[in-house]
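Engineer: Construct the complete structure from the given sequences, taking the supplied hints into account.
Plus 6 on top of the position in the sequence shown (first one is 1) and you've got our numbering.
No wet-lab data here; the hints were simulated from the structure. Note that this is a predicted model, so its numbers are computed, not measured. Where hints are given, some of them may not hold.
What the hints assert, rightly or not - Label pairs and their computed distance ranges (CB to CB): (1) Pro47 - Glu75: 15 to 23 Å; (2) Glu26 - Asp74: 14 to 22 Å; (3) Ala118 - Gly97: 18 to 26 Å; (4) Gln121 - Ala42: 28 to 36 Å; (5) Met50 - Lys124: 26 to 34 Å; (6) Arg49 - Glu125: 30 to 38 Å; (7) Ser87 - Glu125: 12 to 20 Å; (8) Glu61 - Glu98: 19 to 27 Å; (9) Gly97 - Glu12: 30 to 38 Å; (10) Asp117 - Leu13: 16 to 24 Å; (11) Thr111 - Met86: 14 to 22 Å.
Stated by the list, open to error - Restricting the straight-line Cα-Cα distance to at most 25 Å, the calculated cross-link-like pairs of lysine-lysine (DSS-like) are: (12) Lys109 - Lys122; (13) Lys113 - Lys124; (14) Lys31 - Lys56; (15) Lys113 - Lys63; (16) Lys63 - Lys124; (17) Lys113 - Lys56; (18) Lys56 - Lys115; (19) Lys31 - Lys63; (20) Lys65 - Lys113; (21) Lys31 - Lys122; (22) Lys115 - Lys65; (23) Lys56 - Lys109; (24) Lys65 - Lys109; (25) Lys31 - Lys124; (26) Lys31 - Lys65; (27) Lys124 - Lys65; (28) Lys115 - Lys31; (29) Lys122 - Lys56; (30) Lys122 - Lys65; (31) Lys115 - Lys63; (32) Lys63 - Lys122; (33) Lys113 - Lys31.
Positions of the beta carbon are idealized from the N, C-alpha and C atoms, including for glycine.
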Amino acid sequence: MTDIVELGENLYEGTTQNWEELVIKSEIPVIVDFWAEWCMPCRMMSPVFKETAPEYKGKVKFVKLNSDENRDISIRYGVMSIPTLGIYVNGESIDGVVGAVPKSTLKSKLDAVLQKVKE
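Structural biologist: Laid out in structure tokens, this is it:
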């Protein structure tokens, strides 16, 4: 079992080492925030992501993945710019958004995914 660091309630640090356990094998949808230290829009998105995570506990897992430190994952999933929010179900990328977005947009994306998963 790989180390999984909890960054907050329902918020985890993703790495190349724990990607399979956190994302691929997750029994619930996962939203991944691809970010980097130097990225200003990423810094704007971070508090929104962290604030939204507890609201979806048990329904959607929130993961932050530093793109600079985990380039192989970013390349594998075609992340070309950051922040990118990728939504995964059963390890498959099913939706996402590029750029910093308001909480309302984030929630509507997640609610739509949860609706699809129920069907």
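Engineer: Look at the Cβ atoms of Thr111 and Met86 and judge whether their distance stays inside 14 to 22 Å.
Structural biologist: Given a distance of about 20 Å, which is inside 14 to 22 Å, the answer is holds.
Engineer: For Lys63 and Lys124, compute the direct alpha-carbon distance and say whether it is at most 25 Å.
Structural biologist: holds (16 Å)
Engineer: Given the hinted pair Lys113 and Lys124, is their Cα-Cα distance within 25 Å?
Structural biologist: holds (16 Å)
Engineer: Just tell me: holds or violated, for the beta carbon distance of Ser87 and Glu125 against 12 to 20 Å?
Structural biologist: violated (31 Å)
Engineer: Regarding the pair Lys31 and Lys63, is the alpha-carbon distance no greater than 25 Å?
Structural biologist: The hint holds at about 17 Å.
Engineer: For the pair we were handed, Lys113 and Lys56, check the Cα-Cα distance against 25 Å.
Structural biologist: Roughly 12 Å separates the two Cα atoms, so the pair holds.
Engineer: Take a quick look at whether Lys115 and Lys65 sit within 25 Å of each other, Cα to Cα.
Structural biologist: holds (13 Å)
Engineer: Regarding the pair Lys109 and Lys122, is the alpha-carbon distance no greater than 25 Å?
Structural biologist: The given pair, whose Cα atoms are some 20 Å apart, holds under the 25 Å limit.
Engineer: Is 30 to 38 Å right for how far apart the beta carbons of Gly97 and Glu12 are?
Structural biologist: violated (21 Å)
Engineer: Does Lys115 lie within 25 Å of Lys56 when you go C-alpha to C-alpha?
Structural biologist: holds (16 Å)
Engineer: Does the hinted range 26 to 34 Å hold for Met50 and Lys124 at CB?
Structural biologist: Between Met50 and Lys124, where Cβ atoms are some 31 Å apart, the hint holds.
Engineer: Between Lys122 and Lys65, is the straight-line Cα distance small enough, at 25 Å or below?
Structural biologist: holds (13 Å)
Of the numbered hints stated above, those contradicted by the structure are hints 7 and 9, listed in ascending order.
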